[in-house]
Amino acid sequence: MSTDRIEKKILLHAPKARVWRALADSAEFGTWFGMKFNAPFAPGAVMHGVIVPTSVNPEVAAAQKKYEGTPFDITIEQMEPERLFSFRWHPGAVDPNVDYTREPTTLVVFSLEDTADGILLTVTETGFDRIPLERRVKAFTANEQGWTMVVTLIRDYLAHA
Amino acid sequence: MRSSAAQTSRSASLFAALGDETRLRLVVRLSGGGALSIASLTEGLPVTRQGITKHLQVMEHAGLVRNHRRGRESLWQLDQRRLTDARKYLDLISKQWDDALARLKRFVEE
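Going down the list, the protein sequences come from chains F and P. Going by my numbering, 114 is the number at position 114 of the first sequence; the sequence numbering is gapless. Going by my numbering, 106 is the number at position 106 of the second sequence; the sequence numbering is gapless.
Hint data in this document are derived by calculation from the structure and do not stem from the laboratory. Treat the numbers as computed from the prediction; the structure is a model and nothing was measured. Be careful, since some hints might not be right.
The list that follows gives simulated cross-link-like pairs (lysine-lysine, BS3-like), each with its CA atoms no further than 30 Å apart [what the hints assert, rightly or not]:
no., chain 1, residue 1, chain 2, residue 2
1, F, Lys16, P, Lys105
2, F, Lys66, P, Lys95
3, P, Lys105, F, Lys66
4, F, Lys65, P, Lys54
5, P, Lys95, F, Lys9
6, F, Lys8, P, Lys95
7, P, Lys54, F, Lys8
8, F, Lys65, P, Lys95
9, F, Lys66, F, Lys9
10, F, Lys65, F, Lys9
11, P, Lys105, F, Lys9
12, P, Lys95, F, Lys36
13, F, Lys36, F, Lys16
14, P, Lys95, P, Lys105
15, F, Lys36, F, Lys8
16, F, Lys65, F, Lys8
17, P, Lys105, F, Lys36
18, F, Lys16, P, Lys54
19, F, Lys66, F, Lys16
20, F, Lys36, F, Lys9
21, F, Lys65, F, Lys36
22, F, Lys66, F, Lys36
Derived contacts from chain P toward chain F, CB cut-off under 8 Å, selection only [to be verified]:
no., residue
23, Ile52
24, Val58
25, His61
26, Arg66
27, Leu90
28, Trp97
29, Asp98
30, Asp99
31, Arg103
32, Leu104
33, Arg106
34, Phe107
Derived CB-CB ranges, DEER-like [as the list claims (entries may be wrong)]:
no., chain 1, residue 1, chain 2, residue 2, range
35, P, His61, F, Arg83, 51 to 61 Å
36, P, Asp98, F, Gly127, 49 to 59 Å
37, P, Thr22, F, Pro132, 15 to 25 Å
38, F, Ser111, P, Arg66, 44 to 54 Å
39, P, Val58, F, Gly127, 51 to 61 Å
40, P, Gly63, F, Asp114, 47 to 57 Å
We put the CB at the ideal spot given by N, CA and C, even for glycine.
The task is simple: from the sequences and hints, build the whole structure.
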């Protein structure tokens, strides 16, 4: 299994134009993702966003609440209407005391495909192998269950060593 | 998941070494990869230098950290091989994407 890449697929029962708008319109993207952007998305643009709790899921919104207002930048790469949307970001960059700008980014790509059953959305995120270990550990310690997860991580690692 | 007796014992000592919040905080502090002095490891923690040294010794015994001297100073470093499992990190990010995509689905299908 790759340690550099994540791939996710989900079937959406909605018109393609609707799905595209939810990705490409910065306000709509922010609504389900849990961010607020200062401007419309455009290829090559550096978007300054802040974390706002999502209005789509109250449970997730509660988890995001403590990060409310945290700045979070993403750089748009490609926008091919109703086909492909991609950007770069710093995964888990929610610590306001850390300057992430010089660190490597991961690339997130959303692609849309017509199928008989609906729109197949594929998300890939690549580039994790270049993310510093410190960030990886912090990803676990950033949430409530963080410490437990670090220990679990170490225990599992040893079980496979 | 089966492991040998030796592995179980090794796991147990590491698990014990990490069963303490101060020690977990030291792991995170050291996880940048550099070697740090006792003074910088103690900074900001409600524990004395002597206390931190004791914690580090427990961690050293478990093979989690090692130390070397630079002049009069003792520098501590994480033995990263025992800490990383990049796949577990991806599992966490992967879960976050599952949640985000479930929200997207609800958003576009409503």
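Hint check:
1. A hinted pair counts as satisfied when its Cα atoms are at most 30 Å apart, and Lys16/F with Lys105/P qualifies at roughly 12 Å.
2. A distance of roughly 19 Å separates the Cα atoms of Lys66/F and Lys95/P; the hinted pair therefore holds under the 30 Å criterion.
3. The suggested pairing of Lys105/P with Lys66/F holds, with an alpha-carbon distance near 24 Å, which does not exceed 30 Å.
4. The hinted pair formed by Lys65/F and Lys54/P fails the criterion: a straight-line CA distance of about 37 Å is larger than 30 Å.
5. Only pairs whose Cα atoms come within 30 Å are accepted, and Lys95/P paired with Lys9/F is accepted, the gap being roughly 13 Å.
6. Distance restraint check for Lys8/F and Lys95/P: the Cα-Cα separation of roughly 10 Å lies within the 30 Å cut-off, and the hinted pair is therefore satisfied.
7. Between Lys54/P and Lys8/F, the direct Cα distance comes to roughly 45 Å. Violation of the 30 Å bound is thereby established for this hinted pair.
8. With a C-alpha separation of about 18 Å, the suggested pair Lys65/F and Lys95/P falls inside the 30 Å cut-off, and the hint holds.
9. In summary, the hint linking Lys66/F to Lys9/F is supported, as the alpha carbons are separated by about 29 Å, within the 30 Å threshold.
10. Note on Lys65/F and Lys9/F: the hinted pairing holds, with a Cα-Cα distance of about 27 Å set against a maximum of 30 Å.
11. Taking the CA atoms of Lys105/P and Lys9/F, the gap is near 11 Å; set against the 30 Å cutoff, the hint holds.
12. With a C-alpha separation of about 22 Å, the suggested pairing of Lys95/P with Lys36/F holds against the 30 Å cut-off.
13. The suggested pairing of Lys36/F with Lys16/F holds, with an alpha-carbon distance near 23 Å, which does not exceed 30 Å.
14. Under the criterion of a C-alpha separation no larger than 30 Å, the hint pairing Lys95/P with Lys105/P is consistent with the structure, at around 15 Å.
15. As the CA atoms of Lys36/F and Lys8/F are separated by approximately 24 Å, the hinted pair is consistent with the 30 Å bound.
16. Only pairs whose Cα atoms come within 30 Å are accepted, and Lys65/F paired with Lys8/F is accepted, the gap being roughly 26 Å.
17. Under the criterion of a C-alpha separation no larger than 30 Å, the hint pairing Lys105/P with Lys36/F is consistent with the structure, at around 19 Å.
18. Restraint check for Lys16/F and Lys54/P: not satisfied, since their Cα atoms lie roughly 61 Å apart, outside the 30 Å limit.
19. As the CA atoms of Lys66/F and Lys16/F are separated by approximately 34 Å, the hinted pair breaks the 30 Å bound.
20. For the given pair, Lys36/F sits about 25 Å from Lys9/F by alpha-carbon distance, which is consistent with the 30 Å threshold.
21. Only pairs whose Cα atoms come within 30 Å are accepted, and Lys65/F paired with Lys36/F is accepted, the gap being roughly 13 Å.
22. Taken as a hint, the Lys66/F and Lys36/F pair is honoured in the structure, with Cα atoms around 15 Å apart against an allowance of 30 Å.
23. Checking Ile52/P against chain F: minimum C-beta separation of about 18 Å lies over 8 Å; hint violated.
24. Below 8 Å, beta-carbon pairs count as interface contacts, and Val58/P has none with chain F, the closest being about 15 Å; its hint is therefore violated.
25. The beta carbon of His61/P is not positioned within 8 Å of any beta carbon in chain F (closest approach about 15 Å), and the interface hint is therefore violated.
26. For the restraint placing Arg66/P at the interface with chain F, the shortest Cβ-Cβ distance is roughly 16 Å, beyond the 8 Å limit, so the hint is violated.
27. For Leu90/P, the shortest C-beta to C-beta distance to chain F is roughly 6 Å, which falls under 8 Å, so the interface hint holds.
28. The interface hint given for Trp97/P is met, as the beta carbon of that residue sits about 5 Å from the closest beta carbon of chain F, less than 8 Å.
29. Taking 8 Å as the C-beta cut-off, the interface hint given for Asp98/P holds, the closest approach to chain F being about 7 Å.
30. Interface restraint check: Asp99/P against chain F, minimum CB-CB distance 6 Å, threshold 8 Å, status holds.
31. Interface restraint check: Arg103/P against chain F, minimum CB-CB distance 4 Å, threshold 8 Å, status holds.
32. With 8 Å as the threshold, the beta carbon of Leu104/P comes within range of chain F, its nearest partner Cβ sitting at about 5 Å, so the hint holds.
33. Evaluation of the Arg106/P hint against chain F yields a held restraint, the C-beta minimum of about 6 Å falling below 8 Å.
34. At its closest, the beta carbon of Phe107/P sits 4 Å from a beta carbon of chain F; the interface hint therefore holds under the 8 Å criterion.
35. Between His61/P and Arg83/F the beta carbon distance is about 56 Å. The supplied range of 51 to 61 Å therefore holds.
36. Checked against the hint of 49 to 59 Å, the pair Asp98/P and Gly127/F fails, with Cβ atoms roughly 19 Å apart.
37. Roughly 23 Å separates the CB atoms of Thr22/P and Pro132/F, a value that falls within the hinted 15 to 25 Å.
38. In this structure the hint that Ser111/F and Arg66/P lie 44 to 54 Å apart at CB holds, the actual value being about 46 Å.
39. Taking the beta carbon of each, Val58/P and Gly127/F are about 36 Å apart, not inside 51 to 61 Å as hinted.
40. For Gly63/P and Asp114/F, the Cβ-Cβ distance of about 54 Å falls inside the hinted range of 47 to 57 Å, so the restraint holds.
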